[in-house]
Each structure stands twice: as structure tokens, then as C-alpha cells.
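Mature numbering (1 follows the signal peptide of the UniProt record, and there is no 0) puts the sequence shown at residues -26 to -1, 1 to 224.
No lab work stands behind these hints: they were computed from the structure.
Keep in mind the model is a prediction, meaning the values are calculated, not measured.
Glycine included, C-beta positions come from ideal geometry on N, C-alpha and C.
Do not rely on the hints blindly, as some may be mistaken.
[What the hints assert, rightly or not] Simulated DEER-style distance windows between Cβ atoms:
1) Asn124 - Asp208: 15 to 21 Å
2) Gly207 - Ala79: 27 to 33 Å
3) Arg170 - Ala79: 35 to 41 Å
4) Arg126 - Ser14: 17 to 23 Å
5) Asn138 - Ala63: 24 to 30 Å
[What the hints assert, rightly or not] Think about it this way: if two alpha-carbon atoms lie no more than 27 Å apart in a straight line, the pair counts; the simulated DSSO-like pairs of lysine-lysine are:
6) Lys172 - Lys121
7) Lys121 - Lys50
8) Lys184 - Lys172
9) Lys219 - Lys121
10) Lys219 - Lys50
11) Lys184 - Lys121
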Amino acid sequence: MRGWRPVLALAVGAGTFLGAAGPVAAARDQQVRESGAAASGYLNLHQCAYYASSLDDHFNTFVTPSGDGRYSTGTKHSATADTSAACGAGNGNHVPVPLLHGVNALNLGSGRYLNLQQCDYYRSAATDRFTTLVTPSGDGRYSTGTKVSNTRETTPTCGPGNGNHVPNPGLSGSLPLDLTSGSRLNLHQCVYYSERLKSHMTSVVPAPDKRYTTGTNISDTVDTRPSCGAGNGDYVLVPLLSAVKSIPLS
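Please construct the entire structure, taking both the sequences and the accompanying hints into account.
Here it is, written out as C-alpha cells:
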């Protein structure tokens, strides 16, 4: 664990009162407290939304794609809280949608768990879908429950959508990551495209439909390649737009 320091003196003192099990329990609790405190500063999670009117197609990026910087994001660790999303200009066809951009400055010292919540929205009339990991700055109807807390959240909290784009539970998910389990957040972004439907979709958090799973994790290892599900055969992985960003937690 990160941030561990010897706790023998504490354990010996506690043993006087707690008996044989006391030193072990006290040492373990102290380790958890000290490891958790090692995560500090802000995880500035940037969400960038793009739309192509010719295709009636939205998609999102949370990490700068490995092969196309035109859809870049400002996601990073910092000592300060970002208040506005930094997004690339798009490719001229897919252009930014500021209403659906967002940034969540997550205080990493405020709890043990980083609860990443992914909300997928779908409009059947145009087979269009998009994903939020951050509540958009201009439209709270697509809100998410992404936060740092001392509680593990295993079910996503998603806004109701606008009546046209509605929540899709099969591709929505919540990933509670223990901030004491490693020194880095490896944020995996998996982007898929259906040529038949002219539709993109993005996945960052594993959801009930494991065909679109991702490798997002906390560890002491720097991931360098995104780990993504294969898709369903219609929606297939787009390596150019997929990526992983390894972000230090302190």
C-alpha cells in the first residue's frame, strides 16, 4: 500500500488494552488511514462532447484519443480545481457541444473511494447515443453521481435525460475504486462505431453489457494500452479514438 509507515509502537501500546488481536487490528487501521491520506489534490475529470449533424451522431471523450488529438481533453491531476472543460476543436464534421461539456474537480483527500459513474443515453429514433461521466455544465438532465466518498457505490445515479435521449441501463455502470490500492488511476477510454447505424459510443466504466468492458483501474503500474471489449459485432472498437491515461493520485 502507498504511504505505509511503521506502526509497531502504536500496535504495542494498543496491545496492552486490546489483547493479542489488538496490535494487528490497530496496525491495519493505521495503514488504511495513512494510505488513504496519500491520495491528495484534485482529479480534474474533463468531459468533451462532439456532434455531427450530417450523421445525427454524438460521442464523448474523457481522455485524449491515442490517434487523434482533435478530440483532446484536459483530464489531469492538479493541486487546483479546474472549473471549465478544455476540449479539442473536433474534425470539422464532429464539432464541440459546449452544453454537454463538463469538468468535475474531485478532491482526492475527501474519501477512500473514487466512484466513477457512467451514464449512457440513447435515442432510438436516430440510433444515437452518448455517455456522461461528469454532469454537463449546461444540462443537468444528463447528470451522473461521480464522486469521492467513504462509501462504495455499485449502482450509477443518472439523470432522466431529455425525453428523447433516455438512460440505457445496459451500458451504464458504477466503478468504486479504492484510493488506497495504488498510486495511479489508469483511465481507459474505449470508443466504438457502427458503420450500419453511423453511430459512435464511448465506454470508460464496465457496465452490465461486458462486450464493451474497459480496464479502468487504480494500481502502482502505468498502463500504456487501453483494454477494451470487442463490441457486439455491429459496434466495433475504434483504436484511433481509444486511449488510456495514467494519472498520478498525488
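Each hint tested on the structure:
1. Asn124 - Asp208: 15 to 21 Å: 41 Å, violated
2. Gly207 - Ala79: 27 to 33 Å: 39 Å Cβ-Cβ, so the 27 to 33 Å window is violated.
3. Arg170 - Ala79: 35 to 41 Å: Between arginine 170 and alanine 79, where Cβ atoms are some 39 Å apart, the hint holds.
4. Arg126 - Ser14: 17 to 23 Å: At 21 Å between Cβs, range holds.
5. Asn138 - Ala63: 24 to 30 Å: 26 Å, holds
6. Lys172 - Lys121: Roughly 33 Å between the alpha carbons, so the hint for lysine 172 and lysine 121 is violated.
7. Lys121 - Lys50: 16 Å, holds
8. Lys184 - Lys172: Holds, because 22 Å separates the two Cα atoms, which is no more than 27 Å.
9. Lys219 - Lys121: Cα-Cα ~19 Å, so holds.
10. Lys219 - Lys50: Answer holds: lysine 219 to lysine 50 is near 9 Å, not above 27 Å.
11. Lys184 - Lys121: 23 Å, holds
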